[in-house]
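Given these sequences and hints, build the entire structure.
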Amino acid sequence: MSLKPLIQKIPRWMLLYYTLFALWVGTTAMHIPDGYLSPVTCIVMFVLALPFWVRGVQKLREKMSAKNIPIVALFAAFSFVVMMFNVPLPGGTTAHAVGGALAAIILGPEIATIAISIALVIQAFFFGDGGILAIGANCFNMAIVLPYVSYAIYQAISKHVALNSKRWIVGAAVGGWAGLTIASFFAAVEFGIQPLLWHTADGTPLYAPYPLSVSIPAMVIPHALIASVIEALVTALVVAYLMRVNQPALEIVNKTQITPETTSFVRWRALWVGLAALIVITPIGLLAPGTAWGEWGAEELTARGLSFVPKGFQQLSGLWSAPMPDYNVPALGNANIGYILSAVVGILIIIGVAWLFSMLITSSKNKSSEISTSK
Amino acid sequence: MSQSAQPSRSRSRSGFIERTLVDINKTLEQSIFAEKISRQKGLLQAVDPRLKVIAMIMLLFAVSLSHHLTVIAALYFCALALAAVSAVPLGFFIKRVWVFIPFFTGIIALPALFITPGPTLLSLPLGIVITRTGAMTALFLLLRVGTSVSFAVLFVLSTPWNNVLKAMGILRVPDVVVLVLGMSYRYIHLLLHIANDMFLSRKSRILRRMSGAEERRLMAATSGTLLGKSLQLSSEVYLAMESRGYRGYPRTMDRFRMYWFDWVAALVVSFVIAVSIWFGR
Chain W
696 MSLKPLIQKI PRWMLLYYTL FALWVGTTAM HIPDGYLSPV TCIVMFVLAL PFWVRGVQKL
756 REKMSAKNIP IVALFAAFSF VVMMFNVPLP GGTTAHAVGG ALAAIILGPE IATIAISIAL
816 VIQAFFFGDG GILAIGANCF NMAIVLPYVS YAIYQAISKH VALNSKRWIV GAAVGGWAGL
876 TIASFFAAVE FGIQPLLWHT ADGTPLYAPY PLSVSIPAMV IPHALIASVI EALVTALVVA
936 YLMRVNQPAL EIVNKTQITP ETTSFVRWRA LWVGLAALIV ITPIGLLAPG TAWGEWGAEE
996 LTARGLSFVP KGFQQLSGLW SAPMPDYNVP ALGNANIGYI LSAVVGILII IGVAWLFSML
1056 ITSSKNKSSE ISTSK
Chain L
-19 MSQSAQPSRS RSRSGFIERT LVDINKTLEQ SIFAEKISRQ KGLLQAVDPR LKVIAMIMLL
41 FAVSLSHHLT VIAALYFCAL ALAAVSAVPL GFFIKRVWVF IPFFTGIIAL PALFITPGPT
101 LLSLPLGIVI TRTGAMTALF LLLRVGTSVS FAVLFVLSTP WNNVLKAMGI LRVPDVVVLV
161 LGMSYRYIHL LLHIANDMFL SRKSRILRRM SGAEERRLMA ATSGTLLGKS LQLSSEVYLA
221 MESRGYRGYP RTMDRFRMYW FDWVAALVVS FVIAVSIWFG R
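Chains as they are written, first to last, in the numbering used here: chain W, 696 to 1070; chain L, -19 to 261.
It should be emphasised that the hints constitute simulated quantities derived from the structure, not laboratory data.
The C-beta atom is built at its ideal place from N, Cα and C for all residues, glycine as well.
Honestly, I wouldn't trust all of these hints.
[Said to hold, decoys possible] Heads up, simulated DSSO-like pairs for lysine-lysine below, C-alpha to C-alpha not over 30 Å straight-line:
#1 L:LYS183 - L:LYS6
#2 W:LYS861 - L:LYS209
#3 L:LYS209 - W:LYS854
#4 L:LYS16 - L:LYS75
#5 L:LYS183 - L:LYS209
#6 L:LYS6 - L:LYS21
[Claimed, not checked] Sample of chain L residues lacking proximity to chain W, with all beta carbon distances greater than 12 Å (derived):
#7 ARG19
#8 GLN25
#9 ALA42
#10 PHE57
#11 LEU187
#12 GLU195
#13 TYR239
#14 LEU247
#15 VAL252
[Claimed, not checked] Here are the simulated distance ranges between beta carbons:
#16 L:LEU219 - W:SER860: 27 to 37 Å
#17 L:GLY71 - W:ARG862: 38 to 48 Å
#18 W:ILE738 - L:VAL244: 22 to 32 Å
#19 W:VAL856 - L:SER191: 26 to 36 Å
#20 L:GLU9 - W:VAL856: 41 to 51 Å
#21 W:ILE738 - L:LEU49: 16 to 26 Å
#22 L:TRP78 - W:GLU946: 45 to 55 Å
#23 W:GLU946 - L:LEU247: 51 to 61 Å
#24 L:LEU187 - W:ALA857: 55 to 65 Å
#25 W:ILE738 - L:THR50: 23 to 33 Å
#26 L:GLU15 - W:ASN941: 26 to 36 Å
#27 L:THR50 - W:ASN941: 51 to 61 Å
Next comes the structure, spelled out in structure tokens:
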């Protein structure tokens, strides 16, 4: 089937709407400001992110020899500055990249989590980019999902390959693309569950107003087509450049792994990467045949065939409202999404609790209360 | 980490260098301005930073929890009043919040006006209907984002970065992280200057139009070089730390003390937060 008649069938207001939404997504990306997510979501996301921060800090401490502190600090600063670079695109346009995949490739995902989180915290506190209550959510998407996914893919593609192989570049590009796309999916889910869960008695959504059926395509499609491509481009170009002139930079991650605890580290890393990949892949696999998007489009079209626009509006509105607490939203396949979502949340909470327990049991040795900002 | 796809105003081929220079300088300017205000005399500047961190987070929660627009609006006016007594130029404060930051929130809120189901508020030509529910949703979003951003901006403008960091200690942020945060912030400025110099020197040597591929190579080479410089710098910084007696445990010099003024402020702000959460139910 050719694409053109399909596009023509889409109502014009919908095209306009998605253009505006894509514009918004393309410009503010995943820096979720305060006010979009309910406080409960913010807290849940914070709790979900916590074990990864603990892991990152632990990694820092155990690998430390204190020498990693300046590396992480400088890398966080580097990520911040590199985000300011305008990447020239065809047609005279420019765009910014995240650099999260690059951080993961050079530092490894655990420490990249800390470096990116720090860049995010500085942005939120100091430049008003992204909310403060939403720091948990933003860090989860951009400092955890992005580096872990990118790194897993990069590793899978470039492992056991000579340092001058093209596969390093390919791995970097694919990793960057997939990492950011999947991160945008997570952000879309966070947005999309807001109107389902939090609204006033008369159905007015209290926070982000769009349901999953809108937020997922509106976030993921523009990211997959634009932002993730930019991320892939930048990651690949910089890795290619480093391969030519600064290969030691690409080996930092391997070097720091040579610690007395190599075995346990490798075991843990494999577990975390595996888990992250599993969690990430599960909903995608189920979503693909889940026809949430297509089903909705078809119904919308029949509705449009039967009546004129205002009624179409109402029909659509009927589809979209129905905010049931048990995710049981008719015709959207949201029951599916809700299911997967709770599965993901469940898994992550279990991991979090298990992790906190092991923390309680094993640690409390490294408690120095003094803090400082001086070097 | 934001990525923005902005259409270029001119088709000039070396535009990306200029745009990057503009972005870098704006960031530097912004942080210098914030630092300047945080050193002036004012109400918020006098309050203990630990109290400010907690109060800001609680206020953000109050804004976030409210189910009533009036409560959020009242909190916004509190923010305005605080700005007025804390040497923050009001015009700048309002502009910064309402023009720059949630500008795109307007775009996201707009379609909600039409597609949220509910009783009709306004019928426009072409069968477009603004629903009451839609208008409420859009207002909620705009007001909530604007007010939250206002409190965050107030906090940042009234607190020197060093004190923000120290105050994070009481939020149980680990010392390693606080140390890294402090160093990152410091080196962001150095790296911004370095990047600025790199782009300026490059720009001064460009004679002809560059092709897109050349531009991208240039961008990648600059990023890669900056990365190399950062790594080199990090080992120098480490040596510097070691030479000054760093042994893996950061230490801090001054501690904060709560004065009567801080207790009064704590009392007032707790009252405001309690009232707004109560009325916002």
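Results for each hint:
no.: 1; hint: L:LYS183 - L:LYS6; in the structure: holds (18 Å)
no.: 2; hint: W:LYS861 - L:LYS209; in the structure: holds (25 Å)
no.: 3; hint: L:LYS209 - W:LYS854; in the structure: holds (27 Å)
no.: 4; hint: L:LYS16 - L:LYS75; in the structure: holds (18 Å)
no.: 5; hint: L:LYS183 - L:LYS209; in the structure: holds (20 Å)
no.: 6; hint: L:LYS6 - L:LYS21; in the structure: holds (25 Å)
no.: 7; hint: ARG19; in the structure: holds (16 Å)
no.: 8; hint: GLN25; in the structure: holds (17 Å)
no.: 9; hint: ALA42; in the structure: violated (10 Å)
no.: 10; hint: PHE57; in the structure: holds (17 Å)
no.: 11; hint: LEU187; in the structure: holds (18 Å)
no.: 12; hint: GLU195; in the structure: violated (4 Å)
no.: 13; hint: TYR239; in the structure: holds (22 Å)
no.: 14; hint: LEU247; in the structure: holds (23 Å)
no.: 15; hint: VAL252; in the structure: holds (17 Å)
no.: 16; hint: L:LEU219 - W:SER860: 27 to 37 Å; in the structure: holds (34 Å)
no.: 17; hint: L:GLY71 - W:ARG862: 38 to 48 Å; in the structure: violated (55 Å)
no.: 18; hint: W:ILE738 - L:VAL244: 22 to 32 Å; in the structure: holds (30 Å)
no.: 19; hint: W:VAL856 - L:SER191: 26 to 36 Å; in the structure: holds (31 Å)
no.: 20; hint: L:GLU9 - W:VAL856: 41 to 51 Å; in the structure: holds (45 Å)
no.: 21; hint: W:ILE738 - L:LEU49: 16 to 26 Å; in the structure: holds (23 Å)
no.: 22; hint: L:TRP78 - W:GLU946: 45 to 55 Å; in the structure: holds (48 Å)
no.: 23; hint: W:GLU946 - L:LEU247: 51 to 61 Å; in the structure: holds (57 Å)
no.: 24; hint: L:LEU187 - W:ALA857: 55 to 65 Å; in the structure: violated (39 Å)
no.: 25; hint: W:ILE738 - L:THR50: 23 to 33 Å; in the structure: holds (25 Å)
no.: 26; hint: L:GLU15 - W:ASN941: 26 to 36 Å; in the structure: holds (34 Å)
no.: 27; hint: L:THR50 - W:ASN941: 51 to 61 Å; in the structure: holds (58 Å)
Comparing the model with each numbered hint stated earlier shows that hints 9, 12, 17 and 24 do not hold.
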